[in-house]
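Colleague: Here the structure of chain P is known, so what remains is to put chain U in place on it, guided by the hints.
There are 2 protein chains.
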Amino acid sequence: MLVPATNSELNFTSELHIPAANKPRIVIIGGGFAGLELSKKLRSVDAQIVMIDRYNFHTFQPLLYQVATAGLEADAIAGPLRKVLKSGNSKSDFYFRVATVREIQYDKNTVATNLGMLRYDYLVIANGSKTNFYGNKSIEEQAFALKQVPQALAIRNHLLKNFEKAQLAETIEEQQSLMNVVIVGGGPTGVEVAGALGELKLHVLPKDYPELDFRRMQIHLVEAGNRLLNGMTDNAGKKAEEYLKDFTVQIWKEVSVKAFDGSHVELSNGMTLPSTTLVWAAGVTGNLIKGLPAEAILQGNRIIVDEYNRVKGIENIFALGDIAAMVSEEHPKGFPMLAPVAMQQGKTLGDNLKRMLNKKEMKPFKYFDKGSMATVGRNRAVVDLPNKMSFQGFFAWFVWLFVHLMFIIGFKNRFIILTSWVWNYFTYDHSNRLIIPTQIKSKKEKEELYV
Amino acid sequence: MLVPATNSELNFTSELHIPAANKPRIVIIGGGFAGLELSKKLRSVDAQIVMIDRYNFHTFQPLLYQVATAGLEADAIAGPLRKVLKSGNSKSDFYFRVATVREIQYDKNTVATNLGMLRYDYLVIANGSKTNFYGNKSIEEQAFALKQVPQALAIRNHLLKNFEKAQLAETIEEQQSLMNVVIVGGGPTGVEVAGALGELKLHVLPKDYPELDFRRMQIHLVEAGNRLLNGMTDNAGKKAEEYLKDFTVQIWKEVSVKAFDGSHVELSNGMTLPSTTLVWAAGVTGNLIKGLPAEAILQGNRIIVDEYNRVKGIENIFALGDIAAMVSEEHPKGFPMLAPVAMQQGKTLGDNLKRMLNKKEMKPFKYFDKGSMATVGRNRAVVDLPNKMSFQGFFAWFVWLFVHLMFIIGFKNRFIILTSWVWNYFTYDHSNRLIIPTQIKSKKEKEELYV
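Protein sequence lines correspond, in order, to chains P and U. All residue numbers for the first sequence refer to my numbering, where the first residue is 1 and numbers rise by one. All residue numbers for the second sequence refer to my numbering, where the first residue is 1 and numbers rise by one.
FYI, nobody ran anything at the bench for these hints, they're computed from the structure. Any given hint might turn out to be false.
The list makes no distinction among identical chains, and a pair is therefore deemed to hold if it is satisfied within one copy or across any two copies.
What the hints assert, rightly or not - SDA-like mimics (lysine to any residue), calculated; alpha carbons at most 20 angstroms apart, straight line:
(1) K312 with Q105
(2) K23 with F426
(3) K207 with I435
(4) K359 with I314
(5) K86 with L212
(6) K40 with L357
(7) K290 with R215
(8) K86 with K359
(9) K83 with H158
Every value quoted in this text rests on a predicted model; they were computed, and no experiment measured them.
Next up, chain P with everything else stripped away, as it sits in the complex (with noise of 0.2 angstroms):
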């Protein structure tokens, strides 16, 4: 598991400061979008709340490809928590620490971070998942997943250094191997990163390097299943396969990896594509935080609630998003991974922590769903329905752009996104395409960076 730099060095004391109130201490998992409109909607209630997460930010994922592909900055898709949480009037204490959760204990009634214990009234667990290798380690270390800005930037200084790289190289294939990207899974965020690349291998790179040769830039999509867009309409996936190809991505369906040198991946068709870059977009699984009990755990490491996003036997404890599997006779699975899910789980438990609190009902909870989309690049995206329909292209593209602008964390990373768009549309210019190395000051501060 990824350890942040940011607490590792501090001891492990016995208690985490929060200073003790004499009212219900609410301790939420995670500022993802579950935690997050949980959070606004307690605003309002006479409780203690306290959030946890690895980061001091918001990361709106959704974007993440943009930074990875160096469309966007990275500071403009995240959202300091602190801020996020003091806005509006608040009625409520709100604390926030830079922490990981390293176990519930929840026959006690607490949890053990890295910065020492947490005694709760009531837990939410809104900690999302992560990148589901299945168990390949040798994937795991060589392959980029994309899941966290830290991720997209090292995506993106990878990228641009093996550019830099291919233009030294001794050998043809030497070189093809800098310039090839091999992305696997079709899922939305296959399909968006494996768009950007495409995007940026016809329109920006070959300006960027005239020394190299674009046509040898192979763009591989890797899918284990036979179609893209699994979760969306067949038309959806069809489009979206038409998309790619306009922007040269190979396609390689009911075809999965099996190994990964970092020099050369693997196929289970017996092709071996040179590429030191791999993305995995594969799955995800959650991302589980050891203590509960082990009838509470569905596969895919999701916990298992009510429809009050209640744990399964835990009365105090609830779990939202990702990593909640709301098992009903309609979703065996519960509902799909998706943003749209977490965010109206967060603000239902909202109201229904604010109805318990008053002694009053709690209401279950009720998807509604919004439709579903991806983008592939310049005026071309996919949306769903809710009823199923399904339209394409330009009109789908705009709608795209202005429904995650309008989801977006602040105005003004609302207005600096809509520019880097606007100008990289009628530019194609990329210009965040920087390769911005770290600076580590000690041997202490090195040791502690998580691999």
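Modeller: Positioned in the frame of chain P, the structure of chain U alone reads:
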């Protein structure tokens, strides 16, 4: 010397890959203000131009302090060098390499880089200056410099982490040492950092950290001389002091730093300031590359050049900007190490190289002093005009903003910076207060990080 991770993993090959061409090759070391202006001028020259820089981007150094204090995103003050070099109709062949030069072998017309040897017909040394720690190794290891983007981001992360930790401190002394900042050097950088921190202390941080008492946060500015902004008028220095006091900055004149152990700063006046953050802006020294004859080197590691920026005693090597000392009776130590000098020398040398290649006579450099300025914080700046007239306050601050916006590279950056400034001004909000750790994928990458 800092070695970027970018290329250090490449083998040291015998030859840097640049195609041979049947025209003179001009090698430029450094893509700073001087190198950039020079290369723009050389667009219309029938020559092969090779630029080498440790980063793939130009850094707009005058705004680095705003990145360090969470006012601007790093990407907004950086311009990808490949893009800048390629734009415009170019008659010349441009090549760019992310590399560091290790030695100049002027008798062989060759530079040794970490990527291999490179032959030149004309060499331009424009690699600027670096922070001068005056040989104090322990301060160099512990203190923060502010000359490069990674350094600015390191300061931002460090400061914000410190406030997170301060909430957990066991003692008041520990807490203060985490909250305090000591800045050494009363020049423009020191004054600007101190002012920006004062603004954060008064207007931004107390909202983020209601658990901390910001009256306890001390910002100390330590200056060895008897005044601030030594290169500017008396008026400017006095006014800067006054403004800094508005922002609760404590100023120590005729005092120097004796030692820093990472948590306490020992001053020459016998005082010890508890602080884990020491920002060192007390001086710079030329970023000298070995190999030049000793008689061409002045005190402060600057290279002695004639009025054509030609290195003393070497016909085909030039030096520009901070690294160059154009010694004259009027300027026995050369011109001040300022961006306008670098830019003007770059332009003049560009014209002179054109003249030289066309077998015309070169023209001596003439410095056009446009005055100088520094900003302390909102509505507060000092401006000296070339005629030693000076003005301060809101209008000076507005002029400062305007001039910096005009000189930043790239329309998009200009727009994003303007947005950020307007936003920060009216909301008292610095939304870039993000602690973004680095993701390091491999052990190899970890070993390559520079300290």
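Colleague: Against each hint, give a clear statement of whether it holds in the structure.
Modeller: Here is how each hint holds up against the structure:
no. : hint           : in the structure
1   : K312 with Q105 : within (15 angstroms within a copy, 73 angstroms between copies)
2   : K23 with F426  : neither (55 angstroms within a copy, 36 angstroms between copies)
3   : K207 with I435 : within (17 angstroms within a copy, 33 angstroms between copies)
4   : K359 with I314 : within (18 angstroms within a copy, 87 angstroms between copies)
5   : K86 with L212  : between (50 angstroms within a copy, 15 angstroms between copies)
6   : K40 with L357  : within (16 angstroms within a copy, 67 angstroms between copies)
7   : K290 with R215 : neither (49 angstroms within a copy, 41 angstroms between copies)
8   : K86 with K359  : neither (27 angstroms within a copy, 68 angstroms between copies)
9   : K83 with H158  : between (32 angstroms within a copy, 19 angstroms between copies)
Checked against the numbered hints above, the structure violates hints 2, 7, 8; every other hint is satisfied.
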